[in-house]
Amino acid sequence: MSSGSLRRITKELTELNENPPSGVTACPISDSDLYKWNVTLTAPKGSLYYGGVFHLNLTLPSEYPFKPPTLNFTTKIYHPNVSNDDKGSMCLGILRAENWKPSCKILAVLEMARGLLLEPNVDDAVETNIADQYKNDRAGFEKTVKQWIKNHAKEK
Amino acid sequence: MSDDDFMSDEDFNDESLEETDSEFEDETYDDDRYLKYDKPQRKSYEVEFRVYSDSQIQKAQAEQIEEVSNILGLPSEQCAVLMRHFKWQKERLIEQYLNSQEEVLGAAGLDTNAARTLKIEKVKGFMCDICCNDENGLETFALRCDHRYCVECYTVYLEQKIKEEGESGRIQCPCEGCSTLVDSKAIKLLAPKSVSDRYQVLLNRTYVDDKDNLRWCPAPNCEYAVDCAIGPKQLTTIVPTVVCSCGHHFCFGCGLNDHQPCPCALVKKWIKKCEDDSETANWISANTKECPKCLATIEKNGGCNHMTCRKCKHEFCWVCMGPWSEHGTSWYNCNRFEEKAGVDARDHQAKSRASLERYLHYYNRYANHEQSAKLDKDLYLKTEKKMTLLQSQSGMSWIEVQYLDSASKVLQQCRQTLKWTYAFAFYLERNNLTHIFEDNQKDLEMAVETLSELFERPVEQLASLKVEMMDKTAYVNNRRIILLDDTAKGLLEDKWNFTVDLN
Chain A
1 MSSGSLRRIT KELTELNENP PSGVTACPIS DSDLYKWNVT LTAPKGSLYY GGVFHLNLTL
61 PSEYPFKPPT LNFTTKIYHP NVSNDDKGSM CLGILRAENW KPSCKILAVL EMARGLLLEP
121 NVDDAVETNI ADQYKNDRAG FEKTVKQWIK NHAKEK
Chain B
1 MSDDDFMSDE DFNDESLEET DSEFEDETYD DDRYLKYDKP QRKSYEVEFR VYSDSQIQKA
61 QAEQIEEVSN ILGLPSEQCA VLMRHFKWQK ERLIEQYLNS QEEVLGAAGL DTNAARTLKI
121 EKVKGFMCDI CCNDENGLET FALRCDHRYC VECYTVYLEQ KIKEEGESGR IQCPCEGCST
181 LVDSKAIKLL APKSVSDRYQ VLLNRTYVDD KDNLRWCPAP NCEYAVDCAI GPKQLTTIVP
241 TVVCSCGHHF CFGCGLNDHQ PCPCALVKKW IKKCEDDSET ANWISANTKE CPKCLATIEK
301 NGGCNHMTCR KCKHEFCWVC MGPWSEHGTS WYNCNRFEEK AGVDARDHQA KSRASLERYL
361 HYYNRYANHE QSAKLDKDLY LKTEKKMTLL QSQSGMSWIE VQYLDSASKV LQQCRQTLKW
421 TYAFAFYLER NNLTHIFEDN QKDLEMAVET LSELFERPVE QLASLKVEMM DKTAYVNNRR
481 IILLDDTAKG LLEDKWNFTV DLN
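Just so you know, the sequences run in chain order A and B.
The first sequence begins at 1 in our numbering and counts up one residue at a time.
The second sequence begins at 1 in our numbering and counts up one residue at a time.
Hints were generated in silico from the structure; no laboratory data involved.
By construction, the Cβ of each residue, glycine as well, lies at the ideal position given by its N, Cα and C atoms.
One or more of the hints may lead you astray.
Claimed, not checked - Simulated restraints, written as ranges between beta carbons of each label pair: (1) 143/A <-> 300/B: 31 to 41 angstroms; (2) 44/A <-> 274/B: 50 to 60 angstroms; (3) 100/B <-> 19/A: 40 to 50 angstroms; (4) 143/A <-> 310/B: 42 to 52 angstroms; (5) 32/A <-> 59/B: 38 to 48 angstroms; (6) 46/A <-> 189/B: 42 to 52 angstroms; (7) 121/A <-> 89/B: 31 to 41 angstroms; (8) 121/A <-> 297/B: 52 to 62 angstroms; (9) 15/A <-> 189/B: 24 to 34 angstroms; (10) 89/B <-> 40/A: 46 to 56 angstroms; (11) 146/B <-> 32/A: 33 to 43 angstroms; (12) 146/B <-> 31/A: 55 to 65 angstroms; (13) 121/A <-> 96/B: 31 to 41 angstroms.
Using the sequences and the hints given, assemble the complete structure.
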């Protein structure tokens with residue numbers, strides 16, 4: 001990793017601390033490694049996921065910002081754009097290498113993730129079954145979402 | 001060469017010029033014409049094609065870009081972006097550009113603010129948005145969109161796009177949401193030589209991929225591209241086999257190995273048929289029935305027609321498929337129930353069996369020649385050995401034993417052709433023409449087997465068989481030409497009736 005990469009991350013971190021986005025907390029796990037971040041998302045009002053608190057890992061590649069960060073849900077979530085496995089990975093939009101631009105910021109990634117809680121992107125779904133259910137059986141979808149929030153995403 | 005011959009060549013050339021952009025012809029037209037005087041006339045199964053090397057492809061691009069650059073009065077690197085955007089359709093580009101300049105530039109990812117020339121600059125009070133460096137005297141660069149970054153970041157960005165992601169013609173400005181394209185001039189300015197070389201290679205690839213009349217030779221590690229004017233619509237009437245400078249024979253239409261006389265559409269269907277389980281299904285339908293109650297598949301293993309399903313214990317009659325209980329003791333009368341349905345069912349079964357046998361007939365012959373084709377390599381190695389042996393045993397010179405080499409090559413080629421005649425025949429509807437085809441096929445096959453036999457003789461005899469082998473080789477080759485000529489003419493004149501649709 002280059003000095004430019006670290007400098008850039010430090011600057012972004014400062015900006016995030018000065019101007020924190022609503023419903024999101026994000027900071028590196030430790031001061032010694034700025035490439036691994038803990039992220040907490042709370043769903044906005046009006047979202048199906050409202051009431052849930054979701055923990056994620058944000059990993060910056062050593063080539064950052066020339067390559068996109070990776071985002072993984074550690075809290076289980078029933079969502080068309082989050083892989084339903086132990087990785088909970090999200091891979092769409094700017095998180096894809098071909099869409100990522102070096103000028104994109106961590107803030108944009110976080111805002112996209114929170115935006116997806118408000119409205120899933122069914123056209124670019126990783127879990128096509130869940131996307132189909134979202135389109136064709138909204139009630140069933142909502143029921144499972146609520147159930148999963150109750151089981152996995154309630155802060156104690 | 002008579003006047004008539006010359007005329008027909010002319011005609012062909014005009015046709016091919018209509019189909020393709022004439023970029024390659026311009027330069028080579030004259031010696032092309034010259035070559036044709038010496039070349040024997042093209043056979044009906046042969047197509048006109050040219051093989052181009054990497055540097056020739058690059059040159060062809062540069063020439064076209066230069067031409068457009070002169071017409072539109074734009075710098076050549078911008079014309080390159082435009083040409084790529086328009087998939088090298090020069091006329092369309094010029095027409096649309098003259099109509100609405102701004103729109104065309106914008107759509108192609110070029111900024112309309114073309115006045116400024118791109119260069120590396122130092123800007124006071126600048127901070128790079130990528131690495132957040134704000135040192136004084138930092139070298140910076142921006143495309144026409146004016147999104148400025150430091151040279152170091154730009155270079156890393158380009159290197160990653162080109163070397164890791166294999167991008168070339170579609171690299172955008174590093175700014176989010178900006179679709180301005182990085183042109184070749186910027187690459188030259190910013191990227192090290194290894195990266196800009198790679199960029200050029202990748203661009204060449206997209207050029208060949210973008211153009212319908214160009215195709216890469218599919219042979220491993222081959223870097224030639226073939227130019228041929230046969231378009232996808234013509235593939236029902238022509239099987240465009242081309243020969244790359246590396247020696248590989250392949251079909252320009254689909255990229256597979258030479259499959260004359262079989263048109264691409266039939267080849268695709270045939271390969272799928274052979275790969276599919278559909279033939280297993282055919283066997284099942286020819287040899288089994290389903291239990292009328294639980295639908296389990298049953299193969300009759302004895303003579304008795306009183307069947308009891310192993311799975312659901314249902315008892316039924318194999319002949320009429322009705323329940324056995326209704327048969328009582330007089331099963332001979334079972335035909336009186338649903339007579340028509342019974343006949344239909346038996347008909348269906350017989351048809352399915354016949355179709356399976358028909359398929360297997362062609363498939364066995366196809367597979368046999370394919371197997372022989374796979375042994376080509378062995379045959380060739382054996383030939384080489386035989387040639388060396390022959391030289392030492394009979395005192396023949398290297399040039400005198402070349403007849404074995406050419407015999408082996410002709411054999412391989414004929415087996416390849418024979419293989420595909422069986423796929424061709426499988427889809428052929430029977431009529432008078434089929435007989436001619438089958439006669440040609442038979443003649444070729446017999447000739448191939450005779451030559452093949454001669455080949456297997458002990459080395460001591462080979463020297464004395466030289467004249468016979470040379471004669472047979474010429475004969476076999478001739479039979480192949482006759483067969484290909486006949487089938488190709490039939491395709492061109494739409495004389496063959498196939499059992500499936502070619503489109």
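Results of checking the hints against the structure:
no., hint, result
1, 143/A <-> 300/B: 31 to 41 angstroms, "52 angstroms, violated"
2, 44/A <-> 274/B: 50 to 60 angstroms, "57 angstroms, holds"
3, 100/B <-> 19/A: 40 to 50 angstroms, "42 angstroms, holds"
4, 143/A <-> 310/B: 42 to 52 angstroms, "44 angstroms, holds"
5, 32/A <-> 59/B: 38 to 48 angstroms, "55 angstroms, violated"
6, 46/A <-> 189/B: 42 to 52 angstroms, "50 angstroms, holds"
7, 121/A <-> 89/B: 31 to 41 angstroms, "35 angstroms, holds"
8, 121/A <-> 297/B: 52 to 62 angstroms, "45 angstroms, violated"
9, 15/A <-> 189/B: 24 to 34 angstroms, "31 angstroms, holds"
10, 89/B <-> 40/A: 46 to 56 angstroms, "53 angstroms, holds"
11, 146/B <-> 32/A: 33 to 43 angstroms, "39 angstroms, holds"
12, 146/B <-> 31/A: 55 to 65 angstroms, "37 angstroms, violated"
13, 121/A <-> 96/B: 31 to 41 angstroms, "34 angstroms, holds"
Violated hints for the displayed structure, listed by number in ascending order: 1, 5, 8 and 12.
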